[in-house]
Amino acid sequence: MNKKSWQGIGASAGLAAGRIWLLGPAAGATAETAAADPGLIDSPSQLARLQQAMVMTNGALLQLEDQVRREQGEELAQIFAAHRLLLSDPAFTGEMALRIQDKGLPAEQAVQQVTTEAVTLLAALEDAYFRERAVDIQDVSQQLLQHLHGQGTGASRFPPAGSWVVMAEELTPAQTITLPKDRVAAFIVRNGGKTSHAAILARTYGIPAVVGVTAGWEELTGVEAVELDGEQGWIGALALADLAALPGAAGKPAESTPAEPAPAYTAITLAANIGNPSDLALVRRFQAQGVGLYRTEFLFMGTALPTEAEQAAAYTGVISACAPQLTVIRTLDIGGDKRAPALALPAEKNPFLGVRALRLCFNRPELFAAQLRAIWRASAAGPAAVMFPMIATLEELRQAKQYLETAREAVVSQGYPVGSLQVGMMIEVPAAVWLAAKLASEVDFFSIGTNDLIQYAVAVDRENSAVAHLYQAYHPAVLGMIAQVVRAGRAAGIWTGICGEAGGDPVLAPFFAGLGIDELSMSPGLLPEMRQALAGLDQDKIAGEGFVEKILACATAAEVTDLLTGYTK
Amino acid sequence: MIVHEFVINNKSGLHARPAALWVQTAGRYQSSIRLKKDNREVDGKSLLAVLSLGLTAGSSVQVTLDGPDETAADNELMKLIAELAAAGEQAGHE
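Protein sequences, first through last, are from chains S and Y. First residue of the first sequence? That's 1 in full-length UniProt numbering, and the numbers climb one at a time after it. First residue of the second sequence? That's 1 in full-length UniProt numbering, and the numbers climb one at a time after it.
Derived from the structure by calculation, the hints contain no laboratory data. Where hints are given, some of them may not hold.
[Stated by the list, open to error] Not the full set, but computed from the structure, chain S residues with beta-carbon under 10 Å of chain Y: (1) I79; (2) A81; (3) E95; (4) L98; (5) L305.
[Stated by the list, open to error] Far from chain Y by the CB rule (all over 12 Å, computed), these chain S residues: (6) R99; (7) L243; (8) P306; (9) A457.
Virtual Cβ for every residue (Gly too), placed ideally from N, Cα, C.
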């Protein structure tokens, strides 16, 4: 038996085992074909090959388009619709056919020539967004080449049955979303940190993931099957025979059974973080008490911006599905590590300290106003709240609220029915922690975004694995900030929740319970464990004198964890 | 033959989805449809060609339609351009 193992960063908890499926450009797709000898090329047969590759690519794209439309809605599906349009483009495939006919090129060379020229043409454009369309051209071209080589493409090549560990150098949100999640047992990604989008999405879907596997990657890619621990970041090689012997491993991905809601700490609402309306299935499966964080930015990460009506439809869908429980919609939080081609954001030297989230919205008022109008239009569908990310000053909060009021007036004057919206803000900038008492008097609730709060509090780029050890949710300073915010909220009579990753960390359950936090919102897959952790707490001990103070008095993260583990029954 | 200028006034220009909508609409007509900007004239039924003009917001572009259904094509394409500007990308109305 092969005992080799690798270490990465645990990005999404859970144990999994399965055969490896490598995600990436198919080998040989871009390999140069033999130089053309017009005398030897049979143009009609080359044309027929191109035609066949076009038909097959179209079929594969259609399949992908349908899947994305079902899972994620029209907006993302249109990326693939545009790709199919290229397949019937006279300047693209039409030109390829001409080159085969007139110049006697083999199909592969015609595809490559026209692609190179098209990419060059787009690369010369001034606008960065148009230049980025070159990626779409290359994407379609690559699929044509793969079909010419007799291979399937991309996600459509994904094995139709079984449970697979998807391995990739990098995993984009679109890839993560489009892979068939019923057949993905786990993700292993070479690049990226614990809070990369692929990792967040993996947690959303409850799929174990190990990221940042830098050492020994080449060796790992040669392995046929693995077992892994998405919490510890451990990956072990498995022989196929051993894999077959593992209970449940080869057949279907491990499914967490939703636990019964815990009787203890019913005062804490356990809500879900979601990124897409399709995540609602997980909200139900894991019995979330509403949505504590609806990340709207995924609507904006396609190749085109969503219209107000499209946004209103998406938000309405989530709100009405969650009713009578609350849906908290976060306004566009983009910039920093999130890319949105349709927004054509300029590159920044320090994107996490630059134009992101609310700052971006203030720079693009038409975008912000349209989103707020869409939220108001959806507000009639059920209990809803809006919250603003990345607020550092009181003026920003007031400005955002002004936009919200203007949007309401516009929507009402257009005759749309509107409901009531709770108005809240995220606390993720240390300056907002300091100002919490002042801010609390202007909002209905706080939601602490621990991912960014930790990043800004301990000055650690959360994408940088070299300083990952300093990114500590248990840092006494971080817990002190959380305590300060909760107390400021309670003094002002508003509720406080946590929607960052720490909100789903069962180790912190005693602290949150002792503090009297009102809501914890997390990736749906984490809910059962948190429910269990809260149920297992020794309530007398936690209610005991000075419990929270003892934790806040700790000097190190290690002291904090030692203390916390002593409060379970 | 119809020849006239128009301005792309949706916020993000005639990129990806808007360009795809344009090409899909144009493709439904028999008439030839050509777009011209800065002395570059391209096939208005080709996504690649339309993208290659780099029509950002505010771009002025000349369209030439020629064929039996040129008037209907022009009407629908100009309606599309107006709708793109109105559909969520610009403040003020839906």
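Hint by hint, here is what the structure shows:
no.: 1; hint: I79; verdict: holds (8 Å)
no.: 2; hint: A81; verdict: holds (7 Å)
no.: 3; hint: E95; verdict: holds (9 Å)
no.: 4; hint: L98; verdict: violated (13 Å)
no.: 5; hint: L305; verdict: holds (6 Å)
no.: 6; hint: R99; verdict: holds (15 Å)
no.: 7; hint: L243; verdict: holds (42 Å)
no.: 8; hint: P306; verdict: violated (7 Å)
no.: 9; hint: A457; verdict: holds (36 Å)
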